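Chemist: The residues making up each chain are set out below.
Protein chains: 2
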Amino acid sequence: MILAFVGTAGSGKTTLTRSFGNYLGKNDYTVGYVNLDTGVMRLPYSPDVDVRDDVTAWDLMEEGFGPNGAIVESYDRLLPKVDEYAGKILKLDSELDYILIDTPGQMETFLFHDFGLMLMESLPDVLTVYLFSPEILRKPSDYCFVRFFGLIIDLRLGTTTLPALTKVDATDLDHHKKYLDDLEYLTARLKLESSTQGLLAHRLCSVLPELSPPTRVLYLSAVTGEGFEDLETLAYEHYCTCGDLT
Amino acid sequence: MILAFVGTAGSGKTTLTRSFGNYLGKNDYTVGYVNLDTGVMRLPYSPDVDVRDDVTAWDLMEEGFGPNGAIVESYDRLLPKVDEYAGKILKLDSELDYILIDTPGQMETFLFHDFGLMLMESLPDVLTVYLFSPEILRKPSDYCFVRFFGLIIDLRLGTTTLPALTKVDATDLDHHKKYLDDLEYLTARLKLESSTQGLLAHRLCSVLPELSPPTRVLYLSAVTGEGFEDLETLAYEHYCTCGDLT
Chain W
75 MILAFVGTAG
85 SGKTTLTRSF
95 GNYLGKNDYT
105 VGYVNLDTGV
115 MRLPYSPDVD
125 VRDDVTAWDL
135 MEEGFGPNGA
145 IVESYDRLLP
155 KVDEYAGKIL
165 KLDSELDYIL
175 IDTPGQMETF
185 LFHDFGLMLM
195 ESLPDVLTVY
205 LFSPEILRKP
215 SDYCFVRFFG
225 LIIDLRLGTT
235 TLPALTKVDA
245 TDLDHHKKYL
255 DDLEYLTARL
265 KLESSTQGLL
275 AHRLCSVLPE
285 LSPPTRVLYL
295 SAVTGEGFED
305 LETLAYEHYC
315 TCGDLT
Chain E
75 MILAFVGTAG
85 SGKTTLTRSF
95 GNYLGKNDYT
105 VGYVNLDTGV
115 MRLPYSPDVD
125 VRDDVTAWDL
135 MEEGFGPNGA
145 IVESYDRLLP
155 KVDEYAGKIL
165 KLDSELDYIL
175 IDTPGQMETF
185 LFHDFGLMLM
195 ESLPDVLTVY
205 LFSPEILRKP
215 SDYCFVRFFG
225 LIIDLRLGTT
235 TLPALTKVDA
245 TDLDHHKKYL
255 DDLEYLTARL
265 KLESSTQGLL
275 AHRLCSVLPE
285 LSPPTRVLYL
295 SAVTGEGFED
305 LETLAYEHYC
315 TCGDLT
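Chains as they are written, first to last, in my numbering: chain W, 75 to 320; chain E, 75 to 320.
Since the hints were made in silico from the structure, they are not lab data.
Note that the structure is predicted; figures quoted are calculated from it, not measured.
Warning: the hint list may mix true and false statements.
To give an idea of the chain E side of the interface with chain W (calculated C-beta under 10 Å), a few residues [said to hold, decoys possible]:
{"hint": "1", "residue": "Ala83"}
{"hint": "2", "residue": "Thr112"}
{"hint": "3", "residue": "Trp132"}
{"hint": "4", "residue": "Pro141"}
{"hint": "5", "residue": "Gly143"}
{"hint": "6", "residue": "Leu164"}
{"hint": "7", "residue": "Ile210"}
{"hint": "8", "residue": "Phe223"}
{"hint": "9", "residue": "Thr245"}
{"hint": "10", "residue": "Asp246"}
{"hint": "11", "residue": "Leu247"}
{"hint": "12", "residue": "His249"}
{"hint": "13", "residue": "Arg277"}
If you want the footprint, here are the derived chain E segments under chain W, 3+ residues with CB under 8 Å [as the list claims (entries may be wrong)]:
{"hint": "14", "region": "197 to 205"}
{"hint": "15", "region": "259 to 272"}
Subject to a maximum C-alpha distance of 20 Å in a straight line, what follows is the list of computed EDC-like cross-link-like pairs (lysine to aspartate or glutamate) [what the hints assert, rightly or not]:
{"hint": "16", "chain 1": "W", "residue 1": "Lys155", "chain 2": "W", "residue 2": "Asp171"}
{"hint": "17", "chain 1": "E", "residue 1": "Lys162", "chain 2": "E", "residue 2": "Glu136"}
{"hint": "18", "chain 1": "W", "residue 1": "Lys162", "chain 2": "W", "residue 2": "Asp188"}
{"hint": "19", "chain 1": "E", "residue 1": "Lys165", "chain 2": "E", "residue 2": "Glu209"}
{"hint": "20", "chain 1": "E", "residue 1": "Lys165", "chain 2": "E", "residue 2": "Asp216"}
{"hint": "21", "chain 1": "W", "residue 1": "Lys162", "chain 2": "W", "residue 2": "Glu136"}
{"hint": "22", "chain 1": "W", "residue 1": "Lys165", "chain 2": "W", "residue 2": "Glu209"}
{"hint": "23", "chain 1": "E", "residue 1": "Lys213", "chain 2": "E", "residue 2": "Asp157"}
{"hint": "24", "chain 1": "W", "residue 1": "Lys155", "chain 2": "E", "residue 2": "Asp199"}
{"hint": "25", "chain 1": "E", "residue 1": "Lys162", "chain 2": "E", "residue 2": "Glu209"}
{"hint": "26", "chain 1": "W", "residue 1": "Lys251", "chain 2": "W", "residue 2": "Asp304"}
{"hint": "27", "chain 1": "E", "residue 1": "Lys265", "chain 2": "E", "residue 2": "Glu209"}
{"hint": "28", "chain 1": "E", "residue 1": "Lys213", "chain 2": "W", "residue 2": "Glu195"}
{"hint": "29", "chain 1": "W", "residue 1": "Lys162", "chain 2": "W", "residue 2": "Asp133"}
{"hint": "30", "chain 1": "W", "residue 1": "Lys213", "chain 2": "E", "residue 2": "Glu158"}
{"hint": "31", "chain 1": "E", "residue 1": "Lys100", "chain 2": "E", "residue 2": "Asp199"}
{"hint": "32", "chain 1": "W", "residue 1": "Lys265", "chain 2": "W", "residue 2": "Glu195"}
{"hint": "33", "chain 1": "E", "residue 1": "Lys162", "chain 2": "E", "residue 2": "Asp199"}
{"hint": "34", "chain 1": "E", "residue 1": "Lys265", "chain 2": "W", "residue 2": "Asp124"}
{"hint": "35", "chain 1": "E", "residue 1": "Lys155", "chain 2": "W", "residue 2": "Asp124"}
{"hint": "36", "chain 1": "W", "residue 1": "Lys251", "chain 2": "W", "residue 2": "Glu209"}
{"hint": "37", "chain 1": "W", "residue 1": "Lys213", "chain 2": "E", "residue 2": "Asp255"}
{"hint": "38", "chain 1": "E", "residue 1": "Lys213", "chain 2": "W", "residue 2": "Asp188"}
{"hint": "39", "chain 1": "W", "residue 1": "Lys265", "chain 2": "E", "residue 2": "Asp255"}
We put the CB at the ideal spot given by N, CA and C, even for glycine.
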């Protein structure tokens with residue numbers, strides 16, 4: 075089974091890759107780790123496949139690129155090797171129970187660059203976990219934003235995508251759950267907002283049930299391990315039933 | 075009038091800021107430039123407001139941050155100064171005809187960080203131009219992806235957002251226009267795709283007319299100046315009629 079953790083810088087991809095890997099290991103699964111981030115300095119796990127063996131953002135900055143330019147250039151240079159990387163991951167997948175893919179620090183490097191897109195197209199039935207952290211949820215329309223962001227990641231990568239709130243050990247989880255688990259409540263709440271933004275959010279939320287099956291939101295903590303059993307169950311169901319995650 | 079150019083690294087924000095500014099200058103408008111990118115090395119225009127006066131990604135990398143960490147940290151450090159920046163931009167706006175805002179190299183730094191969100195909330199009636207380049211449009215579902223990306227930028231920033239294809243001097247423009255201008259054509263084309271991705275794209279495109287007015291897509295070239303008159307007209311209409319860009 076191949077799981078890819080996708081999310082913005084700071085959403086907890088790397089930490090979760092390690093903790094969920096540890097959890098799987100303790101449950102007697104064999105786990106392989108893939109690092110796709112050319113800009114990361116230290117990893118808390120030992121990657122079996124690592125793009126930094128070919129290129130790092132550091133090398134490119136020494137060549138004179140700025141930080142953003144170096145990151146983009148690093149994936150330009152990796153692009154000719156995308157089949158080689160897909161091959162390595164597939165081999166790992168044939169030998170081990172779980173493959174955990176830790177994606178680039180900046181999510182858009184993955185969603186807007188051919189390296190990420192072509193790699194995902196080459197791998198069978200990847201389950202993508204879209205991680206977002208509580209600090210980006212300030213007002214009702216933000217909950218609508220993350221639901222749609224999950225949907226367009228699914229559209230872009232062509233992989234089943236599970237939205238997952240991270241760092242749930244350090245937030246008012248009940249508050250977030252109210253908006254994330256009950257779409258009708260959220261939609262009704264948005265109806266009360268008279269701003270243009272509220273109106274758009276209300277329209278978007280109203281059509282959400284037509285667009286996708288009512289995908290569950292996961293609630294994860296790399297600190298306490300909360301939600302790991304749910305993620306394991308959903309991953310198992312994904313591979314057995316191919317995509318019905320309601 | 076305040077225009078913000080938003081898009082991924084490499085979509086042409088900085089180049090367009092300069093060329094569109096030159097175009098406005100030639101048409102006897104006064105123009106102010108704002109740079110919000112802490113990671114840019116050289117700018118082809120002279121910024122009137124520049125976040126690098128306070129912090130650069132370089133300084134932070136010297137402190138030991140990696141490239142992604144340095145970018146995020148730079149906006150954490152700018153956050154307490156967000157009102158000060160809003161004040162500077164508002165002052166500039168009161169003195170000049172157009173203010174052009176060049177946003178962070180990585181789009182998500184702007185969309186997922188409070189600095190960007192709070193700055194946009196503090197400025198009146200910003201018109202956001204969402205730039206995407208032809209290389210990200212490979213298959214029909216990609217056109218659906220950019221339409222929705224524009225919509226969720228609008229949702230996130232709470233500003234009217236115009237989608238704009240860039241670098242149109244160097245691409246098969248007629249091909250892209252067919253998919254971007256005629257939503258019915260795109261929807262019909264997506265219906266032919268039997269993949270799960272195609273099905274989701276078809277559903278998304280089908281609901282698009284209910285979600286937003288039929289916003290025009292702009293076609294821009296920083297090289298030839300194509301589309302600049304259209305952008306000027308739409309900016310003018312935005313400020314006169316407040317948001318009806320059909």
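Chemist: Hints first: check each against the structure and report whether it holds.
Modeler: Do the hints match the structure? See the list:
1. Here the hint on E/Ala83 is kept, as its CB sits about 5 Å from the closest CB of chain W, short of 10 Å.
2. The beta carbon of E/Thr112 comes within 9 Å of a beta carbon in chain W, closer than 10 Å, and the hint placing it at the interface holds.
3. Checking E/Trp132 against chain W by beta carbon gives a least distance of about 8 Å; that is within 10 Å, so the hint holds.
4. Hint status for E/Pro141 relative to chain W: holds, with the closest Cβ pair at about 4 Å, below 10 Å.
5. The beta carbon of E/Gly143 comes within 7 Å of a beta carbon in chain W, closer than 10 Å, and the hint placing it at the interface holds.
6. The criterion of a C-beta within 10 Å of any C-beta in chain W is not met by E/Leu164, whose closest approach is roughly 20 Å, and the hint is violated.
7. Restraint check, E/Ile210 versus chain W: the minimum CB separation of about 6 Å is within 10 Å; hint holds.
8. This hint holds: E/Phe223 has a C-beta 6 Å from the nearest C-beta of chain W, less than the 10 Å allowed.
9. Against a cut-off of 10 Å between C-beta atoms, the interface hint on E/Thr245 is violated, since the closest Cβ of chain W lies about 16 Å away.
10. Proximity of E/Asp246 to chain W is violated relative to the hint, the smallest CB-CB distance being about 18 Å (cut-off 10 Å).
11. Among the interface hints, the one on E/Leu247 is violated; its C-beta lies about 20 Å from the nearest C-beta in chain W, farther than the 10 Å criterion.
12. With a least beta-carbon distance of about 18 Å to chain W, the hint placing E/His249 at the interface is violated under the 10 Å criterion.
13. Hint on E/Arg277 holds. Least Cβ distance to chain W is approximately 5 Å, under the 10 Å limit.
14. Restraint check on the region 197 to 205 of chain E versus chain W: 0 residues with Cβ-Cβ distances below 8 Å, three needed, restraint violated.
15. With 3 residues having a beta carbon nearer than 8 Å to a beta carbon of chain W, the region 259 to 272 of chain E meets the requirement of three or more and the stated coverage holds.
16. Taking the CA atoms of W/Lys155 and W/Asp171, the gap is near 25 Å; set against the 20 Å cutoff, the hint is violated.
17. With a C-alpha separation of about 29 Å, the suggested pair E/Lys162 and E/Glu136 falls outside the 20 Å cut-off, and the hint is violated.
18. Restraint check: the Cα-Cα separation between W/Lys162 and W/Asp188 comes to about 18 Å, which is no more than 20 Å; the hinted pair holds.
19. The straight-line distance between the Cα atoms of E/Lys165 and E/Glu209 is roughly 38 Å, outside the 20 Å bound, and the hint therefore fails.
20. For the proposed pair E/Lys165 and E/Asp216, the alpha carbon gap of about 40 Å is over 20 Å, so the pair is violated.
21. Proposed proximity of W/Lys162 and W/Glu136 is contradicted: the alpha carbons are some 29 Å apart, above 20 Å.
22. A distance of roughly 38 Å separates the Cα atoms of W/Lys165 and W/Glu209; the hinted pair therefore is violated under the 20 Å criterion.
23. This hinted pair does not check out: E/Lys213 and E/Asp157 have alpha carbons roughly 42 Å apart, beyond 20 Å.
24. Distance hint between W/Lys155 and E/Asp199 is unfulfilled; the C-alpha atoms sit about 45 Å from each other, more than 20 Å.
25. For the hint linking E/Lys162 to E/Glu209, the alpha-carbon distance of about 36 Å lies beyond 20 Å, and the restraint is violated.
26. Straight-line distance between C-alpha atoms of W/Lys251 and W/Asp304 comes to about 15 Å, which keeps the hinted pair within the 20 Å bound.
27. In summary, the hint linking E/Lys265 to E/Glu209 is not supported, as the alpha carbons are separated by about 23 Å, beyond the 20 Å threshold.
28. For the hint linking E/Lys213 to W/Glu195, the alpha-carbon distance of about 13 Å falls within 20 Å, and the restraint holds.
29. A distance of roughly 24 Å separates the Cα atoms of W/Lys162 and W/Asp133; the hinted pair therefore is violated under the 20 Å criterion.
30. Among the hinted pairs, W/Lys213 with E/Glu158 is inconsistent with the structure: their alpha-carbon atoms are about 24 Å apart, more than 20 Å.
31. Between the alpha carbons of E/Lys100 and E/Asp199 the distance comes to roughly 25 Å, so the proposed pair goes past 20 Å and is violated.
32. Distance restraint check for W/Lys265 and W/Glu195: the Cα-Cα separation of roughly 39 Å exceeds the 20 Å cut-off, and the hinted pair is therefore not satisfied.
33. Between E/Lys162 and E/Asp199 the CA atoms are separated by roughly 16 Å; this keeps the pair inside 20 Å, and the hint holds.
34. Using a Cα cut-off of 20 Å, the hinted pair E/Lys265 and W/Asp124 is violated, with the two alpha carbons roughly 38 Å apart.
35. Between E/Lys155 and W/Asp124 the CA atoms are separated by roughly 38 Å; this puts the pair beyond 20 Å, and the hint is violated.
36. Distance check on the hinted pair: W/Lys251 and W/Glu209 sit about 14 Å apart at the alpha-carbon level, within 20 Å; holds.
37. For the hint linking W/Lys213 to E/Asp255, the alpha-carbon distance of about 33 Å lies beyond 20 Å, and the restraint is violated.
38. Of the supplied pair hints, the one linking E/Lys213 and W/Asp188 holds, its CA atoms being roughly 12 Å apart against a limit of 20 Å.
39. With a C-alpha separation of about 31 Å, the suggested pair W/Lys265 and E/Asp255 falls outside the 20 Å cut-off, and the hint is violated.
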